[in-house]
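*Asks:* For reference, the chains in residue letters:
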Amino acid sequence: DVKVTQSSRYLVKRTGEKVFLECVQDMDHENMFWYRQDPGLGLRLIYFSYDVKMKEKGDIPEGYSVSREKKERFSLILESASTNQTSMYLCASSPRSSSYNEQFFGPGTRLTVL
Amino acid sequence: TQLLEQSPQFLSIQEGENLTVYCNSSSVFSSLQWYRQEPGEGPVLLVTVVTGGEVKKLKRLTFQFGDARKDSSLHITAAQPGDTGLYLCAGLTGANNLFFGTGTRLTVIP
Chain U
1 DVKVTQSSRY LVKRTGEKVF LECVQDMDHE NMFWYRQDPG LGLRLIYFSY
51 DVKMKEKGDI PEGYSVSREK KERFSLILES ASTNQTSMYL CASSPRSSSY
101 NEQFFGPGTR LTVL
Chain L
115 TQLLEQSPQF LSIQEGENLT VYCNSSSVFS SLQWYRQEPG EGPVLLVTVV
165 TGGEVKKLKR LTFQFGDARK DSSLHITAAQ PGDTGLYLCA GLTGANNLFF
215 GTGTRLTVIP
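Chains U and L, in that order, give the protein sequences. With my numbering applied, the first sequence covers 1 to 114. With my numbering applied, the second sequence covers 115 to 224.
Worth flagging that the hints you see were computed from the coordinates, not collected in a lab. It should be emphasised that the depicted structure is a prediction, and the values quoted were computed from it without experimental measurement. Idealized CB from N, CA, C, for every residue including glycine. Incorrect hints may appear among the rest.
In silico DSS-like pairs for lysine-lysine, Cα to Cα no more than 30 Å straight-line [claimed, not checked]: (1) Lys70(U) with Lys57(U); (2) Lys170(L) with Lys70(U); (3) Lys184(L) with Lys57(U); (4) Lys18(U) with Lys3(U); (5) Lys53(U) with Lys18(U); (6) Lys3(U) with Lys170(L); (7) Lys171(L) with Lys3(U); (8) Lys71(U) with Lys53(U); (9) Lys71(U) with Lys55(U); (10) Lys3(U) with Lys53(U); (11) Lys13(U) with Lys71(U); (12) Lys13(U) with Lys3(U).
One-sided and incomplete, this derived list gives chain U residues near chain L with beta-carbon spacing under 8 Å [unchecked claim]: (13) Tyr10; (14) Gly16; (15) Val19; (16) Phe20; (17) Pro61; (18) Ile77; (19) Leu78; (20) Gln85; (21) Asn101.
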């Protein structure tokens, strides 16, 4: 069963902490994405990557960075967590061959910053 | 950023009823996807519609892409409790970027 996994389902951090969210996919997909999901706002794209070592800013990259050292792994980093980064974080992947960028999602990490 | 508005935002209905969820934008999309997200899980792709006016059926779910490729609808016939979840539309631009709608949270009461 192919899947996207995320390192934690729930995470509680303090303001100012450095936070790492890990995502791994076993489908050999080239494209990987990080979104945050907030009520009434849908999913908003933070960063994406079309290949190893590549990264592109999405719609809301401020306060975040990413790392893609291996094809299967895409990490989201909050350098100094703030309370307004409390949210659900979703990782997704898609194959380069997909004509419509149809994405496979992980179960999400619910992050609370106190 | 393309804006995709979904309506209604919340919908609570009895088992067996029919319902329609709407996804509207002022932007044109090359294709449109619908996802369903169950509590505690990530979104799962239901369908992709590509051609203006296209209608696709998935058992009791009927998806339509507007003629101008700016809007879409999802109609569910005889809703069941298993249909409960957050329904998200997502439009694909010519640059292959996917923009998600605001979501409709559906609750089907047994």
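*Asks:* Hint by hint, say whether it matches the structure.
*Replies:* How the hints compare with the structure:
1. Lys70(U) with Lys57(U): holds, 19 Å
2. Lys170(L) with Lys70(U): Violated - the C-alpha atoms of Lys70(U) and Lys170(L) are around 37 Å apart, more than 30 Å.
3. Lys184(L) with Lys57(U): holds, 25 Å
4. Lys18(U) with Lys3(U): holds, 27 Å
5. Lys53(U) with Lys18(U): Roughly 21 Å between the alpha carbons, so the hint for Lys53(U) and Lys18(U) holds.
6. Lys3(U) with Lys170(L): Within the cut-off at roughly 26 Å; holds.
7. Lys171(L) with Lys3(U): holds, 26 Å
8. Lys71(U) with Lys53(U): holds, 9 Å
9. Lys71(U) with Lys55(U): holds, 12 Å
10. Lys3(U) with Lys53(U): Measuring from Cα to Cα gives roughly 22 Å; hence the hint holds.
11. Lys13(U) with Lys71(U): holds, 28 Å
12. Lys13(U) with Lys3(U): holds, 27 Å
13. Tyr10: Since chain L brings no Cβ nearer than about 10 Å to Tyr10(U), farther than 8 Å, the hint is violated.
14. Gly16: violated, 29 Å
15. Val19: For Val19(U), the interface hint is violated, since the closest Cβ of chain L sits about 19 Å away, which is over 8 Å.
16. Phe20: Nearest chain L Cβ about 19 Å off; hint violated.
17. Pro61: Not OK, violated: Pro61(U) not within 8 Å of chain L, min 13 Å.
18. Ile77: Ile77(U) check fails; min Cβ-Cβ to chain L is 20 Å, beyond 8 Å.
19. Leu78: violated, 20 Å
20. Gln85: violated, 19 Å
21. Asn101: holds, 5 Å
Going down the numbered hints, you'll see the structure goes against 2, 13, 14, 15, 16, 17, 18, 19 and 20, while the others check out.
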